[in-house]
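Asks: Going down the list, the sequences are from chains Z and C. Numbers 1 to 587, taken from our numbering, label the letters of the first sequence in order. Numbers 1 to 79, taken from our numbering, label the letters of the second sequence in order.
It is possible that some hints are incorrect.
So the derived label-pair ranges between C-beta atoms look like this [said to hold, decoys possible]:
hint : chain 1 : residue 1 : chain 2 : residue 2 : range
1    : Z       : Trp322    : C       : Gln16     : 50 to 58 Å
2    : Z       : Arg456    : C       : Asn49     : 34 to 42 Å
3    : Z       : Arg17     : C       : Lys67     : 25 to 33 Å
4    : Z       : Ile151    : C       : Lys67     : 40 to 48 Å
5    : C       : Asp21     : Z       : Thr268    : 28 to 36 Å
6    : C       : Asn68     : Z       : Ile250    : 53 to 61 Å
7    : C       : Asn68     : Z       : Ser81     : 26 to 34 Å
8    : C       : Asn49     : Z       : Tyr103    : 38 to 46 Å
Honestly, the hints are just simulated from the structure, not real lab data. Here the structure is a predicted model, which means the values were calculated and not measured. Every residue gets a Cβ at the ideal spot worked out from N, C-alpha and C, and that includes glycine.
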Amino acid sequence: MQSQVEPNLSYFIAKARSIEGRTFQKKIKVAILSSFTINGLEEALRVKCAESEITCLTYICGYGQYNQDILDQSSKLYEFSPDITFVIIDTRTVMSTLFYTPYAIPVNDRRSYIDKRVADFVNLIRTFKNRTDSKLVLTNCSIPTYSPYGICEGKSEYGLMEMVYDFNAKLSDVFRSDPQVFLFDFNSFVSKYGEVNVLDYRQFLVGDIKVSLSHIPHLAEEMMGYVKANMGINRKCIVLDLDNTLWGGIIGEDGFDRIDLSLKPPGTAFVEFQRMLLALYQRGIILAINSRNNEDEALRAIREHPYMVLREENFATMKINWRDKISNMKEIAEELNIGLESIVYFDDDPINRELMLKAIPQIMTVDLPDDPSLYASTLMRINDFNTLAVTSEDRKRGEMYRQERRRTELKNSASNLEDFLKQLEIKVTMKKANDFTIPRIAQLTLKTNQFNLTTRRYQEEDVQMFAHDQTKLIGCAQTKDKFGDNGITGVYIVNKNHADKEWYIDTFLLSCRVMGRGIEEVMLGYILSKAKEEGVERVKAEFIPTKKNKPCEQLLPNFGFKKEGQQWVYTYHVPIKQTSHIELNED
Amino acid sequence: MSNNLLDIVANVMEVQVTQIDDESGPETIENWDSFRGLILFEELESKFNVKFTLNELLNIKKIKDIKNILSVRGASLNG
């Protein structure tokens with residue numbers, strides 16, 4: 001897939017009609033509640049979902065009916081039962097006549113007005129949360145750019161702009177740690193495109209359209225950030241070319257001292273681009289290199305060039321050689337154990353890009369502009385790195401991949417697999433679901449594909465509910481070895497049926513990062529021992545095959561589970577399999 | 001992308017270009033509601049690099065009216 005410029009709304013309207021009836025495996029129901037006319041948004045959203053192979057069903061509230069829809073328990077909104085609900089409000093609606101004449105009332109009344117409006121919305125959202133499990137994305141208000149007080153606006157206590165700032169800040173405080181509610185920074189959206197462009201006065205005056213038709217596709221694109229994150233679709237890795245991508249010029253021809261990479265233009269463009277990449281690295285995006293170059297020359301620049309922002313330790317793997325880039329790319333995906341569909345590729349050479357697009361269309365090959373000063377902003381436009389939460393595992397990911405490189409080195413030097421596993425000195429700690437582990441547990445159920453027996457996806461709220469449910473056993477496995485901490489990499493969810501002395505394994509998964517080291521066996525052994533301690537006689541499990549989960553196909557039979565219909569059953573007729581090279585602890 | 005007015009109208013309203021002429025408008029084209037009307041103006045503004053006034057938007061009843069406005073503004077209509 002190629003990143004591209006946003007087409008006009010008319011394209012989406014026509015396209016929405018032409019894809020009607022097409023369905024995909026992934027489905028999402030999206031409700032849009034808005035305080036103004038928002039025609040065209042559902043079509044743009046449906047088309048964008050289809051481009052990501054998601055069937056999107058939409059519900060739009062009647063004009064100005066967002067309050068009623070939420071308050072009325074039997075409304076069409078709840079009947080529709082959305083997965084994700086967008087509540088899009090605008091400053092004029094929130095401020096009412098104070099938008100125009102804010103200074104008609106004294107400062108204390110202005111303060112209490114905002115407090116009252118915040119309370120109104122908080123109540124509305126609490127009502128919504130009591131009635132549905134849908135995620136809720138609430139926009140904040142765009143800050144007015146005009147004040148009747150002109151340059152004295154900043155001198156007036158709790159003036160128009162401060163009122164709206166305060167409204168935004170208070171709403172965001174209330175919901176900051178709520179996993180069901182997200183604040184969409186509509187004010188930033190308006191800043192990004194400019195108020196004069198987002199609000200077309202004619203459309204506003206003719207039809208109460210407060211996001212101009214030309215900007216509806218952009219709004220839909222921002223909303224896709226939430227939709228894709230909710231479905232666990234996100235890109236995880238950026239693969240970079242070197243010459244004219246991370247620095248200007250060609251290292252093999254221009255040499256170490258002559259490449260453009262400095263605090264003077266044009267070198268500044270590449271420093272800026274690298275700084276943005278470093279920020280994504282720190283958020284958990286994996287970086288890798290795929291470059292046709294002499295390895296020693298390129299490595300010297302990466303290690304020693306005074307203005308390189310990204311260094312060797314920031315790259316999970318580096319393929320610097322004279323082989324073709326397609327093979328390199330496949331190797332990168334294999335080595336990092338990530339799907340091709342989670343890769344974003346930056347290369348300045350249009351021919352290389354064309355080849356990559358043809359050979360591996362799942363990769364997002366970025367249509368990089370010729371002008372390096374646009375690299376950073378091109379990177380910032382990519383809206384595919386989103387997850388619903390940034391966990392501590394995300395922030396440590398770069399470090400983990402570095403450790404992984406050292407593990408691979410050990411594996412290559414060990415005489416056989418058994419020796420390698422022994423030398424790793426793996427320790428597994430089984431942990432309960434609690435406030436610290438729940439976000440990561442949910443994240444793993446949402447995105448783990450390969451070693452996942454049932455591929456059941458759970459949101460953070462679901463996991464929270466399970467953790468308090470006496471009939472469930474839910475936990476996770478933290479793994480470390482002599483090279484470092486892998487963090488939480490395994491999850492299990494068990495339904496306990498004590499009346500029948502039977503447990504059912506609802507979910508059992510392991511991050512692909514640590515597959516093939518016996519950790520899955522320790523986890524399953526742990527569950528079976530727990531069950532035995534509680535007098536359980538039968539443990540049932542299921543393997544629901546998908547396109548991707550073949551790696552865990554043999555887990556159950558290897559443990560002595562016997563197939564009964566759709567399920568696999570273990571009855572303690574054979575001893576629980578032991579895994580001697582791993583030390584097991586309980587937390 | 002065509003700069004032909006009829007092509008643009010046909011495209012936005014999702015009708016055959018052969019089905020419309022200068023006399024066509026919201027009265028004769030079923031898809032031409034107020035929303036599609038605004039989309040049409042949006043398209044025309046970006047294609048012909050003009051801005052319609054509020055009154056022009058409200059008073060366009062036929063394709064002929066659009067032609068008149070565009071020619072007053074000096075936009076070049078191909079075909």
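Asks: Decide, hint by hint, whether the structure agrees.
Replies: Here is what the structure says about each hint:
1. Trp322/Z <-> Gln16/C: 50 to 58 Å: 55 Å, holds
2. Arg456/Z <-> Asn49/C: 34 to 42 Å: 54 Å, violated
3. Arg17/Z <-> Lys67/C: 25 to 33 Å: Between arginine 17/Z and lysine 67/C, where Cβ atoms are some 27 Å apart, the hint holds.
4. Ile151/Z <-> Lys67/C: 40 to 48 Å: 46 Å, holds
5. Asp21/C <-> Thr268/Z: 28 to 36 Å: 57 Å, violated
6. Asn68/C <-> Ile250/Z: 53 to 61 Å: 58 Å, holds
7. Asn68/C <-> Ser81/Z: 26 to 34 Å: Cβ of asparagine 68/C to Cβ of serine 81/Z: about 51 Å, so the range 26 to 34 Å is violated.
8. Asn49/C <-> Tyr103/Z: 38 to 46 Å: At 40 Å between Cβs, range holds.
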